[in-house]
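**Student:** So the protein lines, in turn, are chains B and C. According to our numbering, the residues represented by the first sequence are 1 to 649, in order. According to our numbering, the residues represented by the second sequence are 1 to 649, in order.
Treat the hints with care, as some may be off.
It does not matter which identical chain is used: a pair holds within one copy or between any two.
Said to hold, decoys possible - Restricting the straight-line Cα-Cα distance to at most 30 Å, the calculated cross-link-like pairs of lysine-lysine (DSSO-like) are:
1) K119 to K260
2) K591 to K146
3) K5 to K595
4) K337 to K260
5) K638 to K591
6) K146 to K446
7) K151 to K284
8) K66 to K287
9) K641 to K28
10) K632 to K28
FYI, nobody ran anything at the bench for these hints, they're computed from the structure. Every value quoted in this text rests on a predicted model; they were computed, and no experiment measured them.
What follows is each chain in one-letter form.
There are 2 protein chains.
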Amino acid sequence: MAEYKVRFDPNTEPVVVKSGTLIIEAAKQAGLDILQPCGGQGRCGRCIVQVMDGTVRHRSSLRLSKEDIQAGYALACQSIIESDILVRIPEQDKIERRLMSDRTALEIEIPPGYSPEYKQSLRRFSIQLSPPSYEDQTDDLTRLKKEITLKLGYRNIFIPLGLINKISQALRLGNWNVTIFLHIGELDDRMKYVQLVDILPGIIAEEDPLWGAAIDIGTTTVTLWLVDLMTGKVHAQVAEYNDQIRRGEDVISRIIYADKNGGLTELQQLVLGTINELMETACKRVKFHRVKPEDVYKVSVAGNTTMMHLFLGVPANNIRLSPFIPSFNQAPIIYAKEIGLKTHPFAIVDCLPGVASYVGADITAGVLSAGVDLADQLTLFLDVGTNGEMVLGSKEWLVTCACSAGPAFEGAGVQSGMRATTGAIEEVWINSNTYEPTYRVIGGGKPRGICGSGLISLLAEMFITGLIDKAGNLNPSLPTNRVREGEHGLEYVVVWAVEAYSGEDIVFTRVDVDNLLRAKAAIYAGFLVLAQSVGVPLESTEQVLIGGSFGKYLNIEKSIQIGLLPDLPWERFRFLGNTAVKGAYYALLDKHSRKRLDEIASKMTYIELSADNSFYEAFMSALFLPHTDLSKFPSVEKAMKSIQYSETI
Amino acid sequence: MAEYKVRFDPNTEPVVVKSGTLIIEAAKQAGLDILQPCGGQGRCGRCIVQVMDGTVRHRSSLRLSKEDIQAGYALACQSIIESDILVRIPEQDKIERRLMSDRTALEIEIPPGYSPEYKQSLRRFSIQLSPPSYEDQTDDLTRLKKEITLKLGYRNIFIPLGLINKISQALRLGNWNVTIFLHIGELDDRMKYVQLVDILPGIIAEEDPLWGAAIDIGTTTVTLWLVDLMTGKVHAQVAEYNDQIRRGEDVISRIIYADKNGGLTELQQLVLGTINELMETACKRVKFHRVKPEDVYKVSVAGNTTMMHLFLGVPANNIRLSPFIPSFNQAPIIYAKEIGLKTHPFAIVDCLPGVASYVGADITAGVLSAGVDLADQLTLFLDVGTNGEMVLGSKEWLVTCACSAGPAFEGAGVQSGMRATTGAIEEVWINSNTYEPTYRVIGGGKPRGICGSGLISLLAEMFITGLIDKAGNLNPSLPTNRVREGEHGLEYVVVWAVEAYSGEDIVFTRVDVDNLLRAKAAIYAGFLVLAQSVGVPLESTEQVLIGGSFGKYLNIEKSIQIGLLPDLPWERFRFLGNTAVKGAYYALLDKHSRKRLDEIASKMTYIELSADNSFYEAFMSALFLPHTDLSKFPSVEKAMKSIQYSETI
């Protein structure tokens, strides 16, 4: 049998191993400790190494893309050494980052060829007016309007009362040189109109920043990007919990709260408080410029339909009453002072268009930034939170629906569930022999509970390892003390009390399983109904784009294993992060993108699932792991077989 | 010598008089007491009687029109009995009313053929919408807009944020029947746009009133008419002092006050307080309907340019700084809530267009309601208050200017001056033999002072009777103790202390004379400059239309005698009362009138007198009684001669 030299450092002596040895074994021999949370099953991807020289055979290449393999990446627990090799072990945090890479902070691309002159609806002009005299007694307002028409060609000029106040002083302080800020809008019939947003005395250099903000109001998190509209550059990105959380975790409880006396105003004030604080913070983060919130002249806002209603102080109660009709999908453009947004008082607030009560501007903005509406390929776009909103389509057509997934994926309705914050178990692996779990905790430290991604991971592992069957029943006959009779029937102990932050066992119960099954079934059924509605098989989906903050932490493999995502090759999935704020950013910057957004909203066909019989059927079939029809999930079938096989060995 | 029978009552015995007897003498003989405040000089018109049968010879027919004479009216002190006659003595209050008739409450003519459908920019429609369903998930706002476009044909629909709040509830409460209130406006290029003003659940009967208000904000008085826009009927007319008076009597002192810290807001709140109270009062006065201020959906506002600035909270300081440029002449249309006007919060507030800092919307509205812009005849339109604003023109052209007359005509700057309220002497006659005055006091009772019309009257009488010469010098050598040396030189005692309310003499001093001379000279010079600017002689003026509340009390004869008004035949003068509020009423009711107003404002050529050399010259020449050039005032020359003649007798 051949022997190979294995080096983990070019400067140290190699270890010598026999052919057929795994890299992980060679590493142990070299005294190196590589983490294997999944216990060497090739499923967690944590033991990744880079083979710099020599060849290995991949027993499994889960978690590796073609590009990864070409670059020499390999799973240490699955790679059989077939020659002398040089192996580099990446630092642990680099592995973490790499695994999360395409799920984390969005690359911000400034639209190519961006120019405020051609693409920005908010324009700044420095103009010189002729001063009045006894011969020319034109009043200040008319003088300004005439100049705007004459020099800039704009007509239909709207000037808010609050700015008429400022015109005379600005003209005189600037010695009849002023800088004006105009928002150019469009009426029906493509007729242009112009709103004056500000007037300042004197000339402003063209390259001076002109500040705008893109905002995504999530039910849980509000995200704000501060942007120089002149260059398109994002100068600050900040996010914070939506302060409305204290009055309800999900949209339904917020709508109910808003219906109480004073509730609407309170919720509006809470989210405005969050946004106004974010605006302050973002301004402070900007380097090389002094920016105040009052310098922000334009704001584009994405958010689900309920968030948009509450942001504008509009009652949202019909959103939760059949037939679920919102007051508006497209709010009119307003001035910031109308709602108390702390930007320039006359900053243009553009609330982006939504499609329906449960498919809001966050989704249209997501479709925009993900480019679904321009895609040649059949694309499935997905945003999972309390609701699972999804869009299927391409440049030809778009269909959308929202599934009331419930808050299970946000950790609510699950006994040990929690939001994805410090102390949450976000990923779990279970050894298929011992049924002992390994887990990763956000921020390290002792676990406090399990967040959405952790729950999906846990459910998948329990299913794959046989701890639960396809109907979600726990198997009490396995050789582990972690499956036990609890208060609500059988339960699995994920963390023993001594290891838990609270000092109490963290358990996963049958009730939890059922909640998660319903949540994932709703989403998968949504996919099916969308596909059926346009008569295409779900499997023909060429790309799956996952947006939303939750999507960032979604594990595709495990999501497929529980039947949440369709069983498609992994390379078809892409995590895009917060696509809503990115869409808002595009719309903020570029009027063509803004128009695309209108087209997306009007083009998208909304399917109300509660009125769709096929949905209930699809939902019932999806209440199993991964599905009643296992042929829809060939990769899961294969994975289960491989585990059964390894158990047999 | 012939004898005639004179009956004052067909049922009583006649008195028998000789030919040549005056009616007043016959009356005395019959034991009837006819008032003669002017002492039988034929100048006051108070002894008017109607000759029902028989003939008289008119020694003088001052105060009588041709129509009067044809109808048999005669001055008892000037009519010589020439046959048996039957004479009717009108009741005193009827005489008063008759004398004031064309100066008092304006006849309100509803524009002929008025129909809100064709002439009103504020329209009310009851519409039925199809309810949403799972099949039709259109949001409420879009549903409403679509319906407006489909059923009513309007596009470019603006809906304020505060109404988006109401739409969903109204639609559902009304079971998808709603009544909407739309304001139809026009952009440049005559492009129509529509503003939603309100939405109410259910159907409203077409004949139900639709309330609007026409407002004139005078520096001194605010007038408000409450109007049913469906019929054009004025249901209430109310007026009250502008509460801003407590912060300054005239526009200049208000502008200065507004420039102080907090002054602008205070003045805005003061006038809004006045208007809001008037609105309440007007609503309570309406008969047969229950009206609340919140039911008022549209407001048209006239007022001078300063009043308009303060009403909207816009700094007015450039109005008093050369070259006197206002911030605006035409404010944009706003919603009532933007300034805190207590109507419906989204009532359309249409501030009418002005021409210059000192020719405001009160003048354009006056021109509109007086019909100057449609006149075939060369017309002089005049509005005298603190400023004298005047317009000369016809349907061909219009020129305008404003003379800083000072507040003398409002009773300010004159020792015994006061506003035209209870206790003010409003008319004076002086006996040309005794130099004893007779006067009329507003509300009867003891006099407290002299108001503008009383001052003009007094000045004219003093001049005509020789108490002062043409330069305004008092004549100390006349046989009367009423001319005496006072604190500031010679003065005339109008009321002795015992007859005065205050218990102190009411006097008229040389300083007072000078103030009045300056005021009247400024106005007359304005007339001349206007006429000169277009190259027409002032005498060719075919009608003089006098608006404004002061005009109501102006005595033409005496105004001509002091050289305030040009010496034209009396029948060419017409008092129109508050032409500003009437113009606002037209503009409120009728969009064609509103458009005419824009045309008036843009067509009118404004002459800034402080930049006009000819004005100073004309002013200096007019500082005499009635003028340096007496040939300009032939009737005054004649009147003086007739008095000298009667003295000679």
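**Student:** Hints numbered earlier in the text: which of these fail when held up against the supplied structure?
**Tutor:** 1, 3, 5, 6, 7, 8 and 10
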